Amino acid sequence: MENLVYIALFAPFAGSLFSALFAMNPKQTFVGIVASSLLFTSFIASAMLAYHVSTTGNPIHVTMMEWISAGDLFIPFGFIVDQVSVTMMVVVTLVSTVVHVYSIGYMDHDKSFNRFFSYLSAFVFSMMILVMSDNFAGLFIGWEGVGVCSWLLIGFWYHKADKTREENPSISPSWAANEAFIVNRIADLGMLIGIFILYWNTGSLQYDVVFAALPDLSGSVLNAAAIFLFIGAMGKSAQFPLHTWLTDAMEGPTPVSALIHAATMVTAGVFLVIRANPLFGMDEVAGVSMFIASLGTFVAFYAASMALIERDLKRIIAYSTLSQLGYMFAAAGLGAYWIALFHLAAHAFFKALLFLGAGNVMHAMDGELDIFKMGGLKKVMRGTWIYMGIASIALAGLPIFAGFYSKDAIIETAFNEGTYIIWFMLVLTAGMTAFYSFRQVFLSFHGEERYKPLGFHPHEMYKYVLIAMSPLALLAISAGWFMDDYKAFIYGLLPHYEMSEHTHHIAWLLGTIVVIVALSGIALAYIKYARKGANAFKRDYEKEKTFIYKLLKNQYYVPVAYEMFITKPYAMISEHMWKDVDMKIVDSTVDGIANFIYKSGDSARKMQTGNLSNYLNWMAIGSVILLVIAAISAMLV
Amino acid sequence: MIGLSHYLTLSAILFSIGLVGVLRRRNLLMLFFATEVMLNAVNIAFAAISHYYNDLTGQMFAFFIIAIAASEVAVGLGLLIVLYKKYGSLDLDDLATMKG
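Protein chains in written order, with my numbering: chain W, 1 to 637; chain Z, 1 to 100.
The set of hints was computed from the structure by calculation and includes no laboratory data. From a predicted model like this one, the values you see are computed outputs, not experimental measurements. Glycine included, every Cβ here is placed at the ideal spot set by N, Cα and C. Be aware that a few hints might be false.
[Stated by the list, open to error] Pair by pair, the computed Cβ-Cβ distance ranges are:
hint : chain 1 : residue 1 : chain 2 : residue 2 : range
1    : Z       : F33       : W       : M619      : 15 to 21 Å
2    : W       : G622      : Z       : A96       : 17 to 23 Å
3    : W       : G622      : Z       : R26       : 16 to 22 Å
4    : W       : N617      : Z       : T57       : 29 to 35 Å
5    : W       : F596      : Z       : A96       : 26 to 32 Å
6    : Z       : D93       : W       : F596      : 31 to 37 Å
7    : Z       : F63       : W       : Y598      : 47 to 53 Å
8    : Z       : L83       : W       : F596      : 38 to 44 Å
9    : W       : F596      : Z       : Q59       : 48 to 54 Å
10   : W       : A634      : Z       : A96       : 35 to 41 Å
[What the hints assert, rightly or not] Calculated cross-link-like contacts (lysine to aspartate or glutamate; reagent style EDC-like; alpha-carbon spacing at most 20 Å):
hint : chain 1 : residue 1 : chain 2 : residue 2
11   : W       : K27       : W       : D108
12   : W       : K543      : W       : E166
13   : W       : K568      : W       : D580
14   : W       : K606      : Z       : D93
15   : W       : K606      : Z       : D94
16   : W       : K378      : W       : D366
[As the list claims (entries may be wrong)] A short list of chain Z residues far from chain W (calculated; beta carbon distances all over 10 Å):
hint : residue
17   : Y52
18   : F64
19   : L77
Start from the sequences and build out the full structure, keeping to the hints where you can.
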């Protein structure tokens, strides 16, 4: 079993190193194939571990080696495979395998094909460390590794020039990469402080030791630790106000977006909250948990509202991720950790599918992402249309599909907890989700063929890419069917959460409400965007001038506000510090010392007359001075 | 009665004469003489103090100094002759070739 753990963990790493060997070479298809098959190996190992954990119910705990051992500080490189981490491992490796195979087709024409696979596998490896570590230090290493790899991948096309915010809201890949990295760094500071607080008060970083010591800690310490850890989670999972990087991260290649959104990055924050559930579930930190739930609900609604009018295909999907992460945090904040984890897994499948479908569309439309310029694509891209349809239905939460079970459970939880405002907002958001996801499907695949006058010649993606996507499609349909089995499995580790009798009785009603809201969203989208002929969709320029449209289009002016109130003042302060403090004080001090030495050397040079007699005089003067000093010091002693 | 202090005074006077010679003279040969004077001033002090303390070490040292001074003069005078043959002068002001 121990070997399986190492295979699952290090196979992606081996793939990354292997690809890195050929990073400077032009495209070599076998690099992609090797990286993908190593990832598949990792997936098989994870699945076997999952089978082992589910049959025996025992977690596998291995300690690979001692890492830091200094004084009282002892941190081993240990890994734990329990119900939570094995769920993440299976989801991460499955989605990543599909994304790897997909990338072989998608990155076909890219000259940095080999380098891409090296980064991609390293990304997965970091995430595996993050989820498998048995202590906070290992989690943090994975956390940072994910940050670095996301920076490399978002900025993969770093050579693209900066544009204005009006032309491209993300400005440029390198700008977006820096934004993602810096925003995450800010949140990581919070996370690090949280880890320090836990270490100071419990004397260990091992999960089991820390969680066992929690009941002895004071309420303020627990609250501080929970708040700071959650700040870290907010950054990685792109919760308001640290959310702007996620949509800008769309500048990366589409497989990267799929990976970031479904498997290897944004789920880390939710994972942290679930992993630290003994902390977040305590009565003392109920306030923090309530805040998490409220913030999650707010983000769910906030992101969905921006998705309503967005025209960029990938950004719509990015907003939907933000929104769904909000759902997960709402569930976790309300104490239903296993439901949050279940939604995380289900979401990973259909979100990866959505992104890969969007990648197909982008590939077909020569990089064009504006859905107003598409329409009627289902004729030429039937496979992609089916996949996107399945994923959108799952996202909208219609019965039988995966999203229905997990999202419905979250909404039911909100009702069960008596937090009706959260419940109402989540139901409303579910309707908006259905609307914008089908708006996107209808605008790109149905209606008039608006792309024809623009001279696009779309074509379907390679067959093997479509086949590779099929596991995700199957899971997007069926993942919800296994909810009860999964519940029995995950109850081995996570706290039980059951609906009350009352909620149980009216569950059908709650479910029906959600479905009706979702269906009406879809119907509205159909009426507005899917029809042809006289009723066909036309751009409404009047509406685009309204305040609300502009507010949503500019993301509530949050990026602009950040630029005005944070970036620009910061740049001003930096320039001030550079010109006034650094140049005038620091530099001039250093220059002054150097100048003094130059000048004194220059004047002392005059002693060197070359005349022995002068030297002897100087020597005598020196001896006299030394004698005087010796005499004075002798007298003083 | 001539005591230790007389010898030490004599030694100090001789040393000062030698020092002034070293500092003021320009001729290398004269510098040699001046250093010899200084060395012998120290020898006088050594011998006198040695006698005063009834300890032969000082007198031994004086002999060493005489021996070393003799060999130094032998080598030094040889160098001076070469120098004179080369430059035709022993004046230090003319020999300042290493001005910085």
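Going through the hints against the structure:
Separation of F33(Z) from M619(W) is about 18 Å and conforms to the stated range, judged on CB atoms against 15 to 21 Å. Checked against the given bound of 17 to 23 Å, the beta carbons of G622(W) and A96(Z), roughly 20 Å apart, stay inside it. Between G622(W) and R26(Z) the beta carbon distance is about 21 Å. The supplied range of 16 to 22 Å therefore holds. Take N617(W) and T57(Z): their Cβ atoms lie about 33 Å apart, and the range 29 to 35 Å holds.
Judged by the Cβ atoms, the range 26 to 32 Å given for F596(W) and A96(Z) holds: they are separated by roughly 29 Å. For D93(Z) and F596(W), the Cβ-Cβ distance of about 33 Å falls inside the hinted range of 31 to 37 Å, so the restraint holds. At about 51 Å, the CB distance of F63(Z) to Y598(W) agrees with the hint of 47 to 53 Å. Between L83(Z) and F596(W) the C-beta distance comes to about 40 Å, which sits within the given range of 38 to 44 Å.
Hint check: F596(W) to Q59(Z), Cβ distance near 53 Å, so the stated range 48 to 54 Å holds. Between A634(W) and A96(Z) the beta carbon distance is about 38 Å. The supplied range of 35 to 41 Å therefore holds. Restraint check: the Cα-Cα separation between K27(W) and D108(W) comes to about 8 Å, which is no more than 20 Å; the hinted pair holds. Under the criterion of a C-alpha separation no larger than 20 Å, the hint pairing K543(W) with E166(W) is consistent with the structure, at around 18 Å.
Among the hinted pairs, K568(W) with D580(W) is consistent with the structure: their alpha-carbon atoms are about 18 Å apart, no more than 20 Å. Between K606(W) and D93(Z) the alpha-carbon distance is near 16 Å, which keeps this suggested pair within the 20 Å criterion. Taking the CA atoms of K606(W) and D94(Z), the gap is near 18 Å; set against the 20 Å cutoff, the hint holds. Distance restraint check for K378(W) and D366(W): the Cα-Cα separation of roughly 17 Å lies within the 20 Å cut-off, and the hinted pair is therefore satisfied.
With a least beta-carbon separation of about 21 Å from chain W, Y52(Z) lies farther than 10 Å from that chain, consistent with its non-interface assignment. With a least beta-carbon separation of about 22 Å from chain W, F64(Z) lies farther than 10 Å from that chain, consistent with its non-interface assignment. Under the 10 Å C-beta cut-off, the non-interface status given to L77(Z) relative to chain W holds; the minimum distance is some 17 Å.
Going through the hint list in order, the structure satisfies each hint without exception.
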